Amino acid sequence: GAGVSQSPSNKVTEKGKDVELRCDPISGHTALYWYRQSLGQGLEFLIYFQGNSAPDKSGLPSDRFSAERTGGSVSTLTIQRTQQEDSAVYLCASRKTGANTEAFFGQGTRLTVV
Amino acid sequence: KQEVTQIPAALSVPEGENLVLNCSFTDSAIYNLQWFRQDPGKGLTSLLLIQSSQREQTSGRLNASLDKSSGRSTLYIAASQPGDSATYLCAALSLGGNTPLVFGKGTRLSVIA
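Chains as they are written, first to last, in our numbering: chain Z, 1 to 114; chain P, 1 to 113.
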């Protein structure tokens with residue numbers, strides 16, 4: 001595709017349910033990042049992938065959060081037993097390897113836990 | 001650990017003014033620095049990327065500079081327009097590139113017609 005694609009664009013879930021968020025990076029981009037943004041706040045780093053491995057998952061808030069990436073392409077972020085504080089916009093970005101390569105963001109998934 | 005700060009947090013200017021947004025970072029061992037724009041309820045749009053070996057980059061009315069020795073980058077917007085109203089974020093990528101982008105909290109810009 002032309003850009004980073006995230007699905008769903010909006011998700012409303014009940015507290016305690018599991019959710020899966022998907023990110024399709026730009027083809028050929030080896031680096032993939034997940035961030036989240038709570039209302040009116042800055043970007044909070046969650047996890048970073050280089051290929052299929054995650055050199056840095058230090059930002060995952062708790063063991064309810066996990067992410068994987070397969071085939072060096074699609075990534076899924078899974079939140080188990082969702083809580084109201086998980087409500088936020090989850091943003092994904094991808095980047096080619098190299099110093100002169102921009103990171104490009106998807107439009108995000110707005111997660112609301114009720 | 002890299003930390004990125006953006007000052008001011010918010011800025012309001014009349015249309016037509018030239019303005020400067022500031023970004024500072026604590027670790028000068030960066031790979032590159034990227035400026036983004038975010039409109040309300042939207043994702044981030046890339047504006048400019050400056051490699052560590054460069055001093056500035058220009059795109060239209062935007063000019064971004066980088067001074068690694070002082071740990072600063074600035075985004076200059078010439079002849080501001082109401083359509084420039086958005087939140088502007090800078091992000092540093094540390095040397096090696098095998099690290100996450102570290103973001104500042106952004107500057108919320110309002111250009112008043």
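Heads up, a few of these hints could be off.
Said to hold, decoys possible - 20 Å max Cα-Cα, derived PhoX-like pairs, lysine-lysine:
#1 P:K42 <-> P:K1
#2 Z:K57 <-> P:K68
#3 P:K42 <-> Z:K11
#4 P:K105 <-> P:K42
Don't read these hints as lab results, they were simulated from the structure.
Everything numeric in this text was worked out from a predicted model, so none of it was measured.
Structure-based check of all given hints:
1. P:K42 <-> P:K1: Between K42 (chain P) and K1 (chain P) the Cα gap is close to 29 Å, so the pair fails against 20 Å, i.e. violated.
2. Z:K57 <-> P:K68: Outside the cut-off at roughly 27 Å; violated.
3. P:K42 <-> Z:K11: Between K42 (chain P) and K11 (chain Z) the Cα gap is close to 16 Å, so the pair holds against 20 Å.
4. P:K105 <-> P:K42: holds (16 Å)
In summary, the structure is inconsistent with hints 1 and 2 from the numbered list given earlier, while agreeing with the others.
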